[in-house]
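Asker: Chain by chain, the residues run as shown.
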Amino acid sequence: MEYGVVVFYSTSWALKAEKVAKEGGFEVKLIPTPRQISSDCGTALRFRWEDREALLDLLESKGVRIEGVHKI
Amino acid sequence: MPKVIDARGLSCPQPVVLARKAMAEADELTVIVDNPTARDNVSRMAQKEGFKVEVEERGEDIYLHLRREEKAETLPLRSAPSGPTVVFIPAYGVGRGPEELQEILIRGFLHTLNEVEPLPDTLIFINTGVKLTVEGSPVLEDLKALEEKGVGILICGTCLNYFGLTDKVAVGSVSNMYSIAEKLLGAGKIISL
Chain A
5 MEYGVVVFYS
15 TSWALKAEKV
25 AKEGGFEVKL
35 IPTPRQISSD
45 CGTALRFRWE
55 DREALLDLLE
65 SKGVRIEGVH
75 KI
Chain B
57 MPKVIDARGL
67 SCPQPVVLAR
77 KAMAEADELT
87 VIVDNPTARD
97 NVSRMAQKEG
107 FKVEVEERGE
117 DIYLHLRREE
127 KAETLPLRSA
137 PSGPTVVFIP
147 AYGVGRGPEE
157 LQEILIRGFL
167 HTLNEVEPLP
177 DTLIFINTGV
187 KLTVEGSPVL
197 EDLKALEEKG
207 VGILICGTCL
217 NYFGLTDKVA
227 VGSVSNMYSI
237 AEKLLGAGKI
247 ISL
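Protein chains in written order, with our numbering: chain A, 5 to 76; chain B, 57 to 249.
Simulated from the structure, these hints should not be mistaken for lab results.
The reader is advised that the hints may include incorrect statements.
Below, computed lysine-lysine pairings styled on BS3-like, alpha-carbon distance capped at 25 Å [stated by the list, open to error]:
(1) A:Lys23 with A:Lys33
(2) B:Lys108 with B:Lys77
(3) A:Lys33 with B:Lys239
(4) B:Lys104 with B:Lys59
(5) B:Lys205 with B:Lys224
(6) B:Lys245 with B:Lys200
(7) A:Lys75 with A:Lys33
(8) B:Lys200 with A:Lys23
(9) A:Lys33 with B:Lys187
(10) A:Lys75 with B:Lys104
(11) B:Lys224 with B:Lys245
(12) A:Lys26 with A:Lys75
(13) B:Lys187 with B:Lys224
(14) B:Lys245 with B:Lys205
(15) B:Lys187 with A:Lys20
(16) B:Lys224 with A:Lys33
(17) A:Lys20 with A:Lys75
(18) B:Lys239 with B:Lys187
(19) A:Lys26 with B:Lys224
(20) A:Lys66 with A:Lys33
(21) A:Lys75 with B:Lys108
(22) A:Lys33 with B:Lys59
(23) B:Lys224 with B:Lys200
(24) B:Lys59 with B:Lys108
(25) A:Lys26 with B:Lys187
(26) A:Lys26 with B:Lys200
(27) A:Lys66 with A:Lys20
(28) A:Lys23 with A:Lys75
(29) A:Lys23 with B:Lys245
(30) B:Lys200 with B:Lys187
Start from the sequences, fold in the hints, and give me the full structure.
Answerer: Next comes the structure, spelled out in structure tokens:
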């Protein structure tokens with residue numbers, strides 16, 4: 005299974021994103037931002053890479069601000 | 057002449073990825089970056105891999121001179137305590153503060169235990185911590201993975217009973233205060249959350 009993570013500007017956006025994604029039926033998990041991505045972006049949302057476009061569309065439509073997306 | 061990696065203008069994690077690749081092939085190299093985050097991330101990774109890091113700022117650019125240290129020069133291993141490591145989890149969260157934050161932290165911690173070394177020997181869940189081990193818990197997947205790797209998971213039976221969750225346990229084994237006390241007393245190191 006290939007995964008990606010969405011990183012955020014704040015923890016509250018991460019929580020909001022998790023809620024929105026779960027309500028949208030996505031298989032996601034809040035995890036500490038992987039070390040190789042940054043030391044200080046905090047909490048990230050892991051998702052299945054194949055869901056990338058659909059998930060990002062959903063987050064955007066719900067007004068969730070994201071800092072970036074990385075494949076892990 | 058050491059190898060030079062130009063990682064200017066690249067966003068994280070590219071500088072770290074490039075540096076790591078080059079470090080596999082060279083004992084001495086210079087990585088050029090252009091921001092403090094890349095400087096810190098590359099430096100930290102290099103130190104962890106046993107490289108000495110010298111930082112040189114040239115205008116906007118930061119030159120990181122990396123040199124692999126001989127084994128004899130590396131710091132002696134800190135004396136590890138003998139005996140098993142036990143993680144004591146007495147709450148549905150880490151520390152004190154907003155409950156939402158406590159929960160993010162415990163979820164993050166238990167996820168990360170699967171990704172770092174060394175593994176603990178035993179996790180003890182007690183008081184509201186037992187709620188992490190029952191059906192519907194957001195960390196079940198992580199706890200199951202730890203259990204598969206041989207980490208013992210002891211859950212306070214009194215606590216499960218108190219919360220009416222005895223038949224909802226989804227990982228680990230239900231335990232009593234005798235076993236819990238013995239694990240704590242026999243531990244080389246106890247990490248209490």
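Asker: For lysine 23 of chain A and lysine 75 of chain A, compute the direct alpha-carbon distance and say whether it is at most 25 Å.
Answerer: This hinted pair holds, its Cα atoms lying about 21 Å apart.
Asker: Within 25 Å, alpha carbon to alpha carbon, are lysine 187 of chain B and lysine 20 of chain A?
Answerer: Satisfied, since the Cα-Cα distance of roughly 23 Å is no more than 25 Å.
Asker: Is lysine 66 of chain A within 25 Å of lysine 20 of chain A, Cα to Cα?
Answerer: This hinted pair holds, its Cα atoms lying about 9 Å apart.
Asker: With a cut-off of 25 Å on the C-alpha distance, tell me whether lysine 33 of chain A and lysine 187 of chain B pass.
Answerer: holds, 18 Å
Asker: For the pair supplied as a hint, lysine 75 of chain A and lysine 104 of chain B, confirm whether the alpha-carbon distance does not exceed 25 Å.
Answerer: holds, 23 Å
Asker: Would you mind confirming whether the straight-line C-alpha gap from lysine 33 of chain A to lysine 59 of chain B stays at or under 25 Å?
Answerer: violated, 40 Å
Asker: Keeping to a limit of 25 Å between CA atoms, is the pair of lysine 26 of chain A and lysine 75 of chain A held or broken?
Answerer: At roughly 20 Å apart (the allowed maximum being 25 Å), lysine 75 of chain A and lysine 26 of chain A satisfy the hint.
Asker: Decide if the proposed pair is consistent with the structure: lysine 224 of chain B and lysine 245 of chain B, CA atoms, cutoff 25 Å inclusive.
Answerer: violated, 30 Å
Asker: Taken at face value, is the distance from the CA of lysine 205 of chain B to the CA of lysine 245 of chain B at most 25 Å?
Answerer: The hint holds at about 19 Å.
Asker: Within 25 Å, alpha carbon to alpha carbon, are lysine 26 of chain A and lysine 200 of chain B?
Answerer: Roughly 21 Å separates the two Cα atoms, so the pair holds.
Asker: Does lysine 224 of chain B lie within 25 Å of lysine 26 of chain A when you go C-alpha to C-alpha?
Answerer: holds, 23 Å
Asker: Under the criterion that the straight-line Cα-Cα distance not exceed 25 Å, is the pair lysine 245 of chain B, lysine 200 of chain B satisfied?
Answerer: holds, 23 Å
Hints 3, 11, 21, 22 and 29, counting from the list given before, are not met by this structure.
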